[in-house]
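As they're listed, the protein sequences go chains A and B. Note that the working numbering numbers the first sequence so that position 302 is 302, with each residue one more than the last. Note that the working numbering numbers the second sequence so that position 128 is 128, with each residue one more than the last.
Be aware that a few hints might be false.
[Said to hold, decoys possible] Pulled from the structure, derived: some chain B residues nowhere near chain A, Cβ distances all over 10 Å:
#1 A61
#2 D188
#3 P300
[Unchecked claim] Distance condition first, Cα-Cα at most 25 Å in a straight line; then the derived DSS-like pairs of lysine-lysine:
#4 K252(A) / K139(A)
#5 K288(A) / K199(B)
#6 K252(B) / K295(B)
#7 K39(B) / K180(B)
#8 K180(B) / K42(B)
#9 K303(B) / K61(A)
#10 K199(B) / K253(B)
#11 K295(B) / K321(B)
#12 K61(A) / K165(A)
#13 K321(B) / K226(B)
#14 K253(B) / K67(A)
#15 K288(A) / K39(B)
Hints listed in this document are in silico derivations from the structure and should not be mistaken for laboratory results. Note that beta-carbon positions come from the ideal geometry of N, C-alpha and C, so glycine has one too.
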Amino acid sequence: MTDGTPTRTQAQFASSHTAELTPSLVGATYSHRDIGLSDEQVRAMYRLMLLQRRFEEAAAKAYGERKISGFLHLYIGQEAVSTAAEFAIRPDDYVISAYRDHGIALARGVSARACMAELFGKVTGCSRGKGGSMHYFSKEHNFLGGHGIVGGQIPIGTGVAWAIKYRGEERVCLTFMGDGAVAQGVFHESLNMAMLWRLPVVYIIENNEYGMGTAVSRAHATPDLARRALAYGMPSAQIDGMNVFEVYRGVKEAVERARREHMPSLLEVKTYRYRGHSMSDPGTYRTKEEVEAHRKRDPIVNLRHYMLEAGLATEADLEAIEREVRAEIEDAVAFAESSPLPPIESLYEDVYTDPDYPFLA
Amino acid sequence: MAIMEFREAIRLAMIEEMERDERVFLMGEEVGLYDGAYKVSKGMLERFGPMRVVDTPISEAGFAGIGIGAAMVGLRPIIEFMTWNFSLVAMDQLVNHAASILYMSGGQFPIPIVFRGPNGAAGQLGATHSRSLEATYAHWPGLKVVTPSTPADAKGLLKSAIRDDNPVLVLESELMYSMKGEVPEDPDFLIPLGVGEIKRPGRDVTVVAHSKSYHLARMAAQELEKDGIDVEIIDPRTIRPLDIDLIVSSVKKTNRLVIIDECAPFGGVASEIAYQVQLRAFDYLDAPIVRITTKDTPAPYAKNLYEYWMPRLDEAIEAIKKVLYR
Ligand SMILES: Cc1ncc(C[n+]2csc(CCOP(=O)(O)OP(=O)(O)O)c2C)c(N)n1
Chain A
1 MTDGTPTRTQ
11 AQFASSHTAE
21 LTPSLVGATY
31 SHRDIGLSDE
41 QVRAMYRLML
51 LQRRFEEAAA
61 KAYGERKISG
71 FLHLYIGQEA
81 VSTAAEFAIR
91 PDDYVISAYR
101 DHGIALARGV
111 SARACMAELF
121 GKVTGCSRGK
131 GGSMHYFSKE
141 HNFLGGHGIV
151 GGQIPIGTGV
161 AWAIKYRGEE
171 RVCLTFMGDG
181 AVAQGVFHES
191 LNMAMLWRLP
201 VVYIIENNEY
211 GMGTAVSRAH
221 ATPDLARRAL
231 AYGMPSAQID
241 GMNVFEVYRG
251 VKEAVERARR
261 EHMPSLLEVK
271 TYRYRGHSMS
281 DPGTYRTKEE
291 VEAHRKRDPI
301 VNLRHYMLEA
311 GLATEADLEA
321 IEREVRAEIE
331 DAVAFAESSP
341 LPPIESLYED
351 VYTDPDYPFL
361 A
Chain B
1 MAIMEFREAI
11 RLAMIEEMER
21 DERVFLMGEE
31 VGLYDGAYKV
41 SKGMLERFGP
51 MRVVDTPISE
61 AGFAGIGIGA
71 AMVGLRPIIE
81 FMTWNFSLVA
91 MDQLVNHAAS
101 ILYMSGGQFP
111 IPIVFRGPNG
121 AAGQLGATHS
131 RSLEATYAHW
141 PGLKVVTPST
151 PADAKGLLKS
161 AIRDDNPVLV
171 LESELMYSMK
181 GEVPEDPDFL
191 IPLGVGEIKR
201 PGRDVTVVAH
211 SKSYHLARMA
221 AQELEKDGID
231 VEIIDPRTIR
241 PLDIDLIVSS
251 VKKTNRLVII
261 DECAPFGGVA
271 SEIAYQVQLR
281 AFDYLDAPIV
291 RITTKDTPAP
301 YAKNLYEYWM
311 PRLDEAIEAI
321 KKVLYR
């Protein structure tokens with residue numbers, strides 16, 4: 001079916017969007033204003049990406065000092081995806097993700113304090129210390145988690161979209177996943193039902209080229225993951241994930257289609273994670289040169305150059321943002337360190353909503 | 001005998017059986033190029049090639065079912081789950097298919113397959129990554145469930161599992177992989193499925209504990225020795241079939257029973273053993289049976305909650321004293 005005639009929607013979408021990957025923001029054929037971003041928004045995007053980067057650097061350090069336990073999957077390198085996606089939606093839209101969730105939660109506006117405290121297993125964490133790195137949640141921010149089972153969040157995000165349509169709301173649900181999750185049966189089950197029922201969901205595959213140690217080409221018979229949508233007649237696009245403007249354009253278009261037409265989309269965002277799969281993975285399945293080549297396209301450096309070139313900021317402005325972000329992260333670490341552990345009784349809280357559930361010993 | 005890590009004992013068992021029988025192959029996520037997420041299959045791809053050490057996509061239901069299909073027509077797959085937590089994605093294949101096909105087909109299709117991988121909590125990984133699933137799977141007739149506690153047991157039991165004509169699930173405690181022990185090098189060293197072992201003979205109280213909990217029982221026994229309490233530890237080694245006779249004969253000697261088990265309490269391994277023992281040895285019991293399990297909640301992340309949630313040494317000691325009225 002992948003070689004069949006595309007539906008009208010696909011054809012339209014493909015022509016406007018399965019575009020060649022734009023190498024950098026500088027020298028792009030359009031400016032931020034052309035895609036509807038104000039100067040202020042661009043500065044905010046930069047700050048948000050930097051916040052995620054510095055947050056995770058601090059988390060990695062705390063992990064090394066054994067202040068954080070469990071698995072820690074860093075998002076470093078992928079910050080343009082979470083950031084652009086956040087700018088393309090509204091606060092009342094929903095977001096759900098897999099376990100590589102720090103950047104996505106921070107982008108949604110969950111505080112660095114609450115995120116860091118969760119890693120430290122403190123009661124002040126965004127999941128009250130119950131979830132840890134892989135299981136961030138924040139109802140206040142319409143952030144529906146951090147999910148630890150690969151692919152588990154995909155039908156759940158689809159269900160959120162079902163609820164939106166059921167209630168006749170004009171909201172959307174962004175459902176993030178890794179390239180690895182595309183191999184799960186629920187991916188296909190979800191896409192089928194989303195298209196069948198025209199649900200306002202945008203599936204975002206963050207294709208960082210590896211699922212743990214397995215390269216995409218070793219896990220997928222057709223490595224162009226966006227093409228999976230063709231089987232369901234769903235609009236789809238492949239997007240450069242190192243270019244925050246490209247991600248913004250792509251997500252924005254899909255979100256508008258979801259909001260107005262209740263039409264789902266599948267976006268494959270090509271990105272890269274600089275670190276190993278988790279803190280315990282040295283990442284020896286890829287070469288130094290490969291990692292270096294991707295670092296050269298760093299989304300933060302990329303935007304930095306653009307801002308300077310476009311006169312959106314001076315070196316001094318960028319320094320000031322850096323200082324501000326560092327202070328915010330230092331404050332988050334201090335907050336996490338000084339926060340209390342959850343009380344032991346809280347082990348039995350929130351298993352059920354009943355305050356008096358008779359637990360067995 | 002050689003001293004080796006638990007993971008090496010498992011690898012050796014697989015290598016020996018793959019060399020002995022060319023129908024045996026290993027399949028799972030990251031088992032080949034990556035040497036296994038926990039390095040259990042290190043070097044095996046190089047040794048056996050990509051048709052016998054097979055990397056899969058993250059498609060648990062798919063590759064579990066592929067293993068079952070291959071077994072229906074005469075191969076003998078070993079399917080590795082990166083952890084048993086993720087087997088729940090494939091549970092339908094294990095329970096509705098692997099466990100039932102021989103029966104439903106009136107005996108025409110045995111399913112000689114092994115599913116194996118790390119089980120149980122391994123630190124602060126949160127609710128999705130901490131489950132002990134032996135009770136869940138032992139619930140279903142048609143499946144055998146094996147839970148080794150030492151490298152030697154791991155080797156002998158896994159080899160028996162691979163040679164068994166039924167679906168056998170081997171649940172290896174994630175935290176035990178680097179534990180060392182003596183392992184027989186005899187390529188025909190087999191431990192029969194369903195035969196438990198008295199791992200520490202004692203007079204005063206029977207403690208039944210398998211897998212990682214066995215080591216907790218050992219620590220408790222060592223502590224209690226100081227108080228003159230002599231603990232007998234029975235490791236059932238396989239949960240299904242269960243060596244209930246061994247457990248009952250021990251209880252008839254000591255008249256007291258404590259069960260330590262990392263499963264959730266409701267309908268766990270401990271619950272079944274307690275039922276079987278009261279049925280067969282009610283008159284021999286001098287105290288109610290006590291079980292120590294993880295708490296009746298999902299696994300928490302925070303360090304203090306997690307440590308409280310797991311079966312604990314202080315709880316085990318207290319339970320043993322309790323059945324002795326001390
Ligand atoms: C069902 C399931 N199988 C296996 C795992 C173990 N695991 C965790 S992450 C991962 C790789 C996922 O890769 P991908 O979806 O590409 O996400 P990325 O790590 O690249 O963000 C695997 C195999 C899991 N958590 N859940």
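Exercise for the section: Find the hints from earlier in the document that the structure breaks and name them by number, from lowest to highest. Expected result: 1, 3, 5, 6, 12 and 14
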